[in-house]
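Peer 1: Line order of the protein sequences matches chains A and B. Following our numbering, the numbering of the first sequence begins with 810 at its first residue and continues without gaps. Following our numbering, the numbering of the second sequence begins with 1270 at its first residue and continues without gaps.
Rather than coming from a laboratory, the hints here were simulated on the basis of the structure. Note that the structure is predicted; figures quoted are calculated from it, not measured. Heads up, some of the hints might be wrong.
Stated by the list, open to error - Result set (SDA-like, lysine to any residue): computed pairs, CA atoms no more than 20 angstroms apart in a straight line:
(1) A/Lys1059 / A/Glu1103
(2) B/Lys1280 / A/Val1044
(3) B/Lys1555 / A/Leu816
Claimed, not checked - Okay, the calculated bits of chain B under chain A, using three or more residues with CB under 8 angstroms as the criterion:
(4) 1276 to 1283
(5) 1289 to 1296
(6) 1373 to 1384
To be verified - One side of the interface only, derived from the structure: several residues of chain B facing chain A at Cβ under 10 angstroms:
(7) Arg1302
(8) Lys1552
(9) Gln1554
Built from N, CA and C at the ideal position, the CB exists for glycine as well.
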Amino acid sequence: MAVEMRLPAVHKHISLAASQSNRDDKHLVVPGDVITSDTGFMRGHGTYMDEDRLTASVAGEVERVNKLICVRPLKTRYNGEVGDVVIGRITEVQQKRWKVETNSRLDSVLLLSSVNLPGGELRRRSAQDELAMRDYLQEGDLISAEVQSIFSDGALSLHTRSLKYGKLGQGVLVFVSPSIVKRQKTHFHNLPCGASIILGNNGYVWLYPTPGQQDEEAGGYYTSMEPVSLSDREVISRLRNCLLALAAHKVLLYDTSVLYCYEASLPQQIKDILKPEIMEEIILETRQRLVEHEG
Amino acid sequence: MAAVEVSEAEKVYIMHGVRDDLRLDGRECEDYRHMEIETDVVSNTAGSAKISLGHTDVLVGVKAEIGKPKAMVPDEGYLEFFVDCSANATPEFEGRGGEELGVELSNTLCKVFNNRHSLDLRSLCICPGENCWVLYVDVLLLQCDGNLFDAISIAIKAALFNTRIPKVHISEDEEGVKEIELSDDPYDCMRLNVKNVPCIVTLCKIGHRHVVDATLQEKACSVASLLISVTHRGTVTCVRKMGGGSLDPESIFEMTEAGKRVGKALHVPLMELLQKEESLGKKRQKVGFLG
């Protein structure tokens, strides 16, 4: 039984000496900062014209593509792109679709025609299927899906038409900012430490015990309620704390960075990882290894 | 309270974890999250304290005013509690959404703290039957991540420790009219003895075991919880059951014993921290809200 109380300390910014030059190249702005007074540029997202001067309306980094200037904010709601892998929670069951909450400005939509029926059959969805919707996905269930298209109002249309997507079983959901998740070829990883991770582009990260061989063919309909073993649980808890540590220090999340952070945290106890000074130590080591890995 | 939705599979995972004494963030069933406490953050109050327990942020301010004592107890002062659930914590609290929770919290705090066993209310008396100090304790919820009662009670204890009530003396002139004079020296004040002020421990029942300091996800898996206020000697001053589920008498006994043990262990590090903070005096680096 542990109770730890302390006085608050001013948050120090930790940075590696090697990355100093990188930081100087980045043009960071806050809302109201003038980006440029040159009128030859087109304004993109996150900017507005204030008396012939291009001003930022969000806090983030300025991106310039030829003549287009836009500001990419650090903390924002998820803006979907076609092909992104997202993790969402069902909020409503409507007539032929489910409403899914994905940390974006509007609830995303999962149409009945965009899910796989049990047994993998391809047929027209009947009235019976409509009535049985709640048997498959209820309010509160978690799913992994891919963005199929974007409606005109900005709402995303999702689909789970592949065996790797579908309802998620036992595991832990971690919330981070969408801008921290790195865009990669695949977002489903089986980490060598003994757990699996799904890095959703919308900032929801799902940690779960690596399924055995026989569960692979289930396709998301059968969720096992068997107790997860203690060793798997420890790995998942450690990964969860590492993810929160990486997110707190704004390190890009991808399989390598998560793995390095996990290895750096092994000497510590799981619950100590979230203590500020231990977090800083672990992140510093992770950053150093990442720089070496890239270099 | 702000609630998060969890799926059935997540609930099963959390319950099995609690059974094995390994929660989602690696804590054991009776561990608290990382706590940071700071006093004297609001300058125009008699005493104030800010606590952050994990992601739960609570700010408490104590103001001392002179008022009329209650008719039943003319030689005692009293405390008035008000809990403001700010819309900063969660959009559900916008407008009047947080009122219900605020009233529930205020009533519970009143029951726990406003009695002569927790604080020496006689020391708040100025003139029996006519004047007494009334301590208005205002609690502001800034961020809600579970375990509100515990955080609020620790913050109240810290704020009461930090409270400085100016010394008054009563002068009577020839006609018998009493006048209250506040001393001119701003450092001439009286402090409260917070040794017997209790701390609240909330135990949530998940499956067959109970957890201390539940996060919002764990709260969603529990159907009943027990709120116990414990003093530094281990005496239980108030017990309340919350939630719609049922608790059988053995569980209640077990949870009360655990609550006594955990609550007793809260007081020592808290008082040490408050003494340490005070001994730093002017050298202390004030962090406040922009840290």
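Peer 1: Hints first: check each against the structure and report whether it holds.
Peer 2: Status of each hint after checking the structure:
1. A/Lys1059 / A/Glu1103: holds (18 angstroms)
2. B/Lys1280 / A/Val1044: With Cα atoms ~19 angstroms apart, B/Lys1280 and A/Val1044 stay inside 20 angstroms; holds.
3. B/Lys1555 / A/Leu816: holds (10 angstroms)
4. 1276 to 1283: holds (count 6)
5. 1289 to 1296: holds (count 7)
6. 1373 to 1384: With 0 residues in contact (Cβ-Cβ under 8 angstroms with chain A), the coverage given for the region 1373 to 1384 of chain B is violated.
7. Arg1302: Holds, because the Cβ-Cβ distance from B/Arg1302 to chain A comes to roughly 8 angstroms (cut-off 10 angstroms).
8. Lys1552: violated (12 angstroms)
9. Gln1554: It holds, given that the least Cβ distance between B/Gln1554 and chain A is near 7 angstroms, below 10 angstroms.
The structure fails hints 6, 8 (numbered hints given earlier, in ascending order).
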